[in-house]
Amino acid sequence: MKRIVSILLVVVLGYFVYTSLYVDGFDMAVSDNRQTSISDAYITKSVTSENESVTYMESTDLENGSANIVTAIVTDYRSFDTLGEVTVLFLASIGVSMVLAGFTKKYQFKMKTNRILKTGARLVVGLALVLGVYMFTHGHLSPGGGFPGGSIIGASILMMYLSEENFRARMASFKWMESLAGTVYVLIGIIGLFVATYFLENFLPTGTVGALVSAGIIPIVYILIGLKVGSEVSGIIDQFLTEEVAS
Amino acid sequence: MVINETLYTIMTAAVSIMLIILGILALESKKLISSVIYLSAMSLFAVLGFVLMKAPDVAITEAVIGSGLVTALFIFTLIGVTKLDKKDNQKAGDTK
Amino acid sequence: MSQPILLIAIPLGLAFLSIILKKIKVPLLVLGLLFSSMLVFFIEKKSYIIGGFKPPFGINLVVDDYNLYFIIIVNVLFLVLVLANLSAVKPMATVLLVASAGLNGLLLTGDLFNLFVFIEIASIAAFILLTMDKQFLKVFHYIIIGTLASSLYLLGIVILYAQYGTLNMADMSGLIDGGSITPTIAYLLIFAGLAVEVKLLPFNGWVKGVLETASAFTGPLIGSLYAGVMLVVFGRVFGGVLNLSGTMVTSLTIIGVITLLAGEFMAFQSKHLRQVWLNSSIAQSGLAVILFLQGLHHVAVLVIVANIISKFVLYLVSGKIAAVIGHDKIADLKGIFMNKKALGIAFTITSLSLIGLPLFFGFFVKINILIALFQSSNMWIPALVLIAALIESAYVIRLLVTMWQVGEEGEKPETIEKPTFSLKVGFVTCAISIILGLMLLVSGVYPDLVINQSVKAGNVLSVNDEIQVFTMEGGLE
Amino acid sequence: MIQIAGLILILIGLYGLITKRNIIKMIIALNVLEIGLNLFIVSVGYVQDGIAPILTEVNNSSGLIFVDPLPQALVLTAIVIGMGTTALSLAFARKIYATHQTFDLNEMGVEE
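Protein chains in written order, with this note's numbering: chain A, -14 to 232; chain B, 20 to 115; chain C, 133 to 609; chain D, 1109 to 1220.
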């Protein structure tokens, strides 16, 4: 009975949403009101100064030097959101470790690890680490960036964790990385406030669009985010792979 | 790289339908573990959707975080539960 | 360098540092909050750019008449609250730093999506802080509802983005005023999202579970500071950005009125001290929402200020009482203030101010609400608000009588159960309550400054020249 | 097309949140809702025949038609925030299981 009522409720709601979005002359496609959209300025990088167009490997010293426009928005135009996002993940990892404070014993899986698994895991872990690092160092050139890159690092740590029994002792160093990466991110923002005028301002030269060493603070910020996310994700996984000590 | 217009429409339609089916399955399946797997599969189809909508950054992030990490966390949660259940059963068996 | 961004950046930086410098966590927390509460007095009113890109392309922080005084109140009270509970905050120091950054961000930000990020930061910090009360299932409900709410809010602002192509509040406000289509569905989604945070009626299931068992620390934090900040945000979005009209205003106002009446009625029926205050908070939120929706921003600001200060004291004292005695059933609290007169007096001042007795600040709040409502709308809203105020006075006076009553009629409460306040804890709580109570008393005798300030604040959201306010000097101006 | 699917997924998630009485199922419903929301947001920025908003050697000038990059940036943020809340709520779920020995709200005796 309850189920039918809720289905009805949801269907009515859906009908209402549908009519108000698509029937009543509401315009859901951004392409048509591009004039008012702020994204064109992001694409041509002409927020502070008028800029005709950006050409790959040719345009230099623009207000923002990232070839990947999403990265440009995430780490430069709206960098403050990203700081908040990092904070949310930070809070989540603290929260998980606080909620599961009594869970301290590591899981004992039934399966014993053997030599083949260990060697294979090491091989894959190496490749995954390289992939993760590649992803966040090339965040301003290719898709990816700090968040998936950091998560891949976290995933490779998980693999180490599952294949090596004595890995847990080394987890403490991640706390240092997490803390330092976060602090340096905020510090970069404050340096921007003092060296240039605004918080989180890009105070380094932006270089040529498309070059590996370009885009000012964007790669630095993404590397920091990658390290921070990697250590936070490892922390969360570490906390989840425990069980409560019987008291 | 030009994708044929009709092919594109067919692909979006297929992805959309699969997303909805998997969404319903994820909520309505009886076992929790299969719910989690359906959710993971749904997340993978969402990745396809993001690729079709020309959002490679989002697609990579969703693939790694949405269908990778979140699924792992769900499964770790459920593993802990089954282990606890087994212990309880053993205890119950001992008292008998 | 009085940049408001430091109110967010410094606590965040210290929070990141505090997880490796575990030994000096609490000093870092106090340092950060001390810094914030000093900095707030030097901030100038203007728009501050972040990242070097002018809005609407970049994100900006806005300091104006509307939020400046809230920033001061919230930061100072946050510091006071932490100092009052210094022994309890150690495990939560990091989270508290982030919570402080989150609250400041909510008050300051001038961008709708950035607001979403800060709602998430503040509410996740709240989830973690609430684990102090060990009510995991109830907090879990809060998590689910809170996350659902912020998702709905996000959906709303994305629909607005699709329509107007901007996320900046000031920009959006201008475009909506000039636009032809009213994006009703987006308004409703944003309303639903924010209504959960400001505890409006169909969405406030979480409040009961969370605040019923709140301690002297989480109670004032969630019940007073968070609630106040969320109302300020609601006012900013619905008063300043979205342009509601006709039937929307009426139907949403009805939700507010129902919340007000139901809240006061449930408070009247409550048997436990904290239950009374949480229901009263719900009612006050309803009142503030009604006022914002009716365009009476200046009185809404008054309501929020009065509510933050009075609920802060009430939750603090109630939490302490519950911690000392072990429960907060009103019937068993007979004559509790006879042992602790100073605390009792502060409690009494605050609650009398809450119901709007003359000479207290609340009186001017109430009278201005009624004047503004009578002038602007038809009769039914002020009539219902008046009824709610009567219910409120009834239960508050009943409560006060119980708590001051000396056990003359045979039963002596002192002998049945001796509430022995440990003097050290009692002293700090007493001092804070008395100071805040005196503030309410003083601003009750000289209300003009606060009221003029609130008129200024209201004018930030929408200019209204026909405002009449009741002040001490000139009566009706 | 995917826009509609996103909206339907949001509604399915809502339906799940209303009806389900199992903690894990509630978190799954929330995730379904979030995936739907993310699809919807990205679809808002999709432009017919637009290309991915990355300058490369092939698409080397900003004069081409790109899809709107801003919604994608928003979704990037939303995905990570969603993962954070999911992790936190799963931790709560484990804690609740440790005290109540069940995920089912009915079995815990919680009233509707």
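In short, the hints are calculated from the structure, not lab data.
Keep in mind the model is a prediction, meaning the values are calculated, not measured.
Among these hints, one or two may not hold up.
Said to hold, decoys possible - Cross-link-like lysine to any residue pairs, in silico, SDA-like; alpha carbons within 25 angstroms at most:
hint	chain 1	residue 1	chain 2	residue 2
1	C	K270	D	T1127
2	C	K155	C	L166
3	B	K50	D	D1157
We went through each hint and held it up to the structure:
{"no.": "1", "hint": "C/K270 - D/T1127", "verdict": "holds (18 angstroms)"}
{"no.": "2", "hint": "C/K155 - C/L166", "verdict": "holds (19 angstroms)"}
{"no.": "3", "hint": "B/K50 - D/D1157", "verdict": "violated (42 angstroms)"}
Checked against the numbered hints above, the structure breaks only hint 3 and satisfies the rest.
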